[in-house]
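Respectively, the protein sequence lines represent chains A and B. Numbers 1 to 327, taken from our numbering, label the letters of the first sequence in order. Numbers 1001 to 1327, taken from our numbering, label the letters of the second sequence in order.
No lab work stands behind these hints: they were computed from the structure. Any given hint might turn out to be false.
Below 30 Å or equal to it, Euclidean Cα-Cα: the simulated BS3-like pairs (lysine-lysine) are [what the hints assert, rightly or not]:
#1 A:K97 <-> B:K1011
#2 B:K1139 <-> A:K139
#3 A:K140 <-> A:K11
#4 A:K11 <-> A:K97
#5 B:K1169 <-> A:K140
Number of protein chains: 2
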Amino acid sequence: MGEFELIEHIKHLAVSPEGVLGIGDDCAVLPQNGDLETLVSTDMLMEGVHFLLDDIRPYQLGWKSIAVNISDIAAMGGTPCGSFLSMALPPSFTSEKIEAFLEGYIHLSRRLGCPLLGGDTVSSIGPLCINVTVTGTCKKGISRKRSSALPGDGIYVSGTLGDSAAGLKCILDRCKHSSASPAAQAPDSGQVCPDDYSYLISRHYQPVPRVELGVRLASDPSVHAMMDISDGLASDLPHIIEASHAGASIDCSLIPMSLQFKRFCEQRGLDPLELSLCGGEDYELLFTAGDQFSPAGLPVTRIGTITDARVLEWEGQNRIFEGYRHF
Amino acid sequence: MGEFELIEHIKHLAVSPEGVLGIGDDCAVLPQNGDLETLVSTDMLMEGVHFLLDDIRPYQLGWKSIAVNISDIAAMGGTPCGSFLSMALPPSFTSEKIEAFLEGYIHLSRRLGCPLLGGDTVSSIGPLCINVTVTGTCKKGISRKRSSALPGDGIYVSGTLGDSAAGLKCILDRCKHSSASPAAQAPDSGQVCPDDYSYLISRHYQPVPRVELGVRLASDPSVHAMMDISDGLASDLPHIIEASHAGASIDCSLIPMSLQFKRFCEQRGLDPLELSLCGGEDYELLFTAGDQFSPAGLPVTRIGTITDARVLEWEGQNRIFEGYRHF
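Kindly generate the complete structure, drawing on both the sequences and the hints.
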């Protein structure tokens, strides 16, 4: 079973009670007795699959571990309330590394008002494994699901896409070169400007989830479907159109890209469109909104339109883009 | 850092906001706007540390994975609402095994009204690792903490202690013998009655958390401190007396033991008191209650009294009992 087949199998087994949103969106949504709903998101990060300890500092790993979960809460329009951290710790992940990990974790959790409230620690005979669960709340009925896109809606993304994927390329190149002899270094390895390099790597290691923007968008009734971009737009947009029984047309010339990202692609001879659409881990918001929506003053860009054609069209591109899959 | 030092370090870093109960009890407790509170508990189970895949069937592992978390919700007097399952899956944990695991998981989750609402799956290059988070609710202000024991309170436990530890011994013996030559088999290996054997193993693999009893006890104002027994009474009772700044005196002759457990200990020449106090994974409730408490009709036994002496006394025993530690 691949990742998506397994999720389908679990969905089939796990029937949610009425009034509860279970498997299939960024978060689960549980009713409360008052005017709020509880949101819950959980993610597991595994050494060797999601990160290599040679490539990421413990501080950055701590930061990223909680960031990816808070991003799921943000994508529903929720406010995070607290987090729960489980760690399977191999002997090589020393006390010093645990402290640095916790420093990064606590740093972002304080910044976003999401205190660490519990967890579990076990010793591991294998790789480091981290599981984070974040709970949040939102006003009853306003959480934004993937299934609410309507034909005619504009399709928007926050920030810029591809920076994280470019950052990962910088990191992997650095590793490749540091383990090769100097003579074997790629001729282009020194050409990325150090500031661009730092920016792109930081976007990969220390994403800042769009909590404020998510809350703002969820309070606007013209905003319909919403999710975060974790596997790349080319992989995540299909979730919205499938869940909404709709199609989409994307104007590829409108995909927002940072200057740093564009320079990086040019210097490396990479296709910026391919990297920005198919690279994962942007942790930006993807949402659809009706005509009444005004993006003025918000860090968002309209990139296309929801259609009723049940296809995903990349305007002006005679090709298909595919996102990242973990399995 | 050992397990408890690490938890102390994290507690120091993770300051809970006012009105929120964070690290240090069975669950976190978060306020809701209505008349309820949200409870959250999380546990990680690691192959090679908490279980061996040669010893436990996937169905049993699925059952146990959710049982241990629901037990934490029960220990606060809460009702479980939903669970979140993350799995790091090595290639050896085949689709067939995943299905059996989910069958056991879903079986107990349905029985206790705690649907599977979300999770994450990743591929693992190392051991199988499972993380479960359970959310629950209870009426505002009634969740039972470890810190509420009062001198003079009776100390009670539910059910019988030691069955799970005896079950584990049965399992480990079976493994030892199946890998040894027949001539090397211990002379006593065939003496445990098959029904006792099944009972004890089932108590180890398929504990049933005390949800109904926990809710019933939390509704009784004479019940003060409460927790579940996961590391053995000798390890868990100190958490209550430390948190309550009190002491305890236990009448060892009152420790409730099943007939199956007593027969097992006799046949194996084991000390039943040692095994029932120090063996872990009972998942029974441990609580303290004032004079007004009536245990009539409840599956609970009074085993001692909370004192103001700041020591834990095992009456009539000139020895110290120590519980199980995972690190």
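Which hint numbers doesn't this structure obey? 4, 5
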